[in-house]
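Colleague: So you can see what is in the structure, the chains are spelled out below.
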Amino acid sequence: AQSVTQLGSHVSVSEGALVLLRCNYSSSVPPYLFWYVQYPNQGLQLLLKYTTGATLVKGINGFEAEFKKSETSFHLTKPSAHMSDAAEYFCAVSVGGGKLIFGQGTELSVKP
Amino acid sequence: DTEVTQTPKHLVMGMTNKKSLKCEQHMGHRAMYWYKQKAKKPPELMFVYSYEKLSINESVPSRFSPECPNSSLLNLHLHALQPEDSALYLCASSIGETQYFGPGTRLLVL
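Protein chains in written order, with our numbering: chain X, 9 to 120; chain P, 42 to 151.
If you are wondering where the hints come from, they were derived from the structure by calculation, not from laboratory data. Hints are supplied without guarantee of correctness; some may be wrong.
Looking from chain X toward chain P, a few residues come up when the C-beta cut is under 10 Å (computed) [unchecked claim]:
| no. | residue |
| --- | --- |
| 1 | V12 |
| 2 | G16 |
| 3 | S102 |
| 4 | Q112 |
| 5 | G113 |
Think of the CB as a built atom: it goes at the ideal place given N, C-alpha and C, for glycine as much as any other residue.
This is chain P alone, in the form it adopts within the complex:
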C-alpha cells in the first residue's frame, strides 16, 4: 500500500481566514513533504520533515505554517493568504529516495 491521503480535497478561503490542510500516511515513512503546484508547472518544494523534525524550509512565507504532530500526520496551517497562493497543495512521503504523493488539496484564495 503506497497511499497518502489529503483532506480537504477542495478549499475556498478569504484572505483573513485561518484554515488547515491535513496529510496522512500509514506506510511507516519517516520523511514527509509539502509542495505547491501551479497549473501547468512542476511541483515546488515548500517543507520537508524528517523524523518529525523540520529539516527543509524553502524560504516559504510565514503565512504558511507546517506541523508534524506524529510520524503519520502532517498539517499545513494557513493564515492571511494572498490570491496568488491559490494552487494545488501536494503532500508526499518517502522511503529512501522515492516519494509518494497524495491527491492534493485544491486551494482558492479570494
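This is chain X alone, in the form it adopts within the complex:
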C-alpha cells in the first residue's frame, strides 16, 4: 500500500538558514509526488510537483525538491528561510483514481 512519511512534525530554523523538510514515500507504481503549504486558516497551496522527467523540481517561493527513487524520498528545500515561510507543509503521493495520500504534516517555524 502507498504511504507517505514526513520526518519531524515540527522544524524550527532561523531566518536566512537552510530549510529541509523530509518526505519518504512507498508506492508500488511510479509515483506522482506533491508538496503543499498551508498557512493558518487557509487552504492548501501547491508548492511543486513531480510527475515524470527531471528529478529536481522547482516550485514557488524559492522552494525545490528532488525525487530520489533509490531512497524513495522527495525532500523539500529552500536555501534561505524567510519569516513568511512559517506554515504547515504536507507531502503527498497520488495513488490514482483521484486519491492523494498525505503525510502527517510538518510545521515550519522561522525564528528572527
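Place chain P on chain X using the hints.
Modeller: Coordinates of chain P only, in the frame set by chain X:
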C-alpha cells in the same frame, strides 16, 4: 488561473440546522473533491466527483450529502451534524493527478 472558490468562509450551525457549502471552479477541471480537515491533521478525503458523477464516497455519514449540479459547481449539504463534525472543509479540483484546493469553509457545530 488555478482558483477554486468556496463560500461561506465561516459557518456556525446548530445540530438541527440544514446548511450548504458551495465550491466553484472555472478551470475546466472535470474532477472535484470534498475533504475534511481537523486541526494539525492532513485533509481526509470525503467525496470525489468525476465528470459530474460521484465516483468515490469514503464511507461518509449520510448527514453529509454532496451534489454536483454542473462541471463548475460542487455543493455539500449538511443536516443534523454533530459537534465532532466541526472542522475545515476543503474543496479541490484537478487536472490529471494535480489537485488545486480552495480556501476552505470553517464549520462550527454547536
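Colleague: So, for every hint listed, does it hold in this structure?
Modeller: To see whether the hints hold, each was checked on the structure:
no.: 1; hint: V12; result: holds, 9 Å
no.: 2; hint: G16; result: violated, 14 Å
no.: 3; hint: S102; result: holds, 4 Å
no.: 4; hint: Q112; result: holds, 6 Å
no.: 5; hint: G113; result: holds, 6 Å
Checked against the numbered hints given earlier, the structure breaks only hint 2 and satisfies all the rest.
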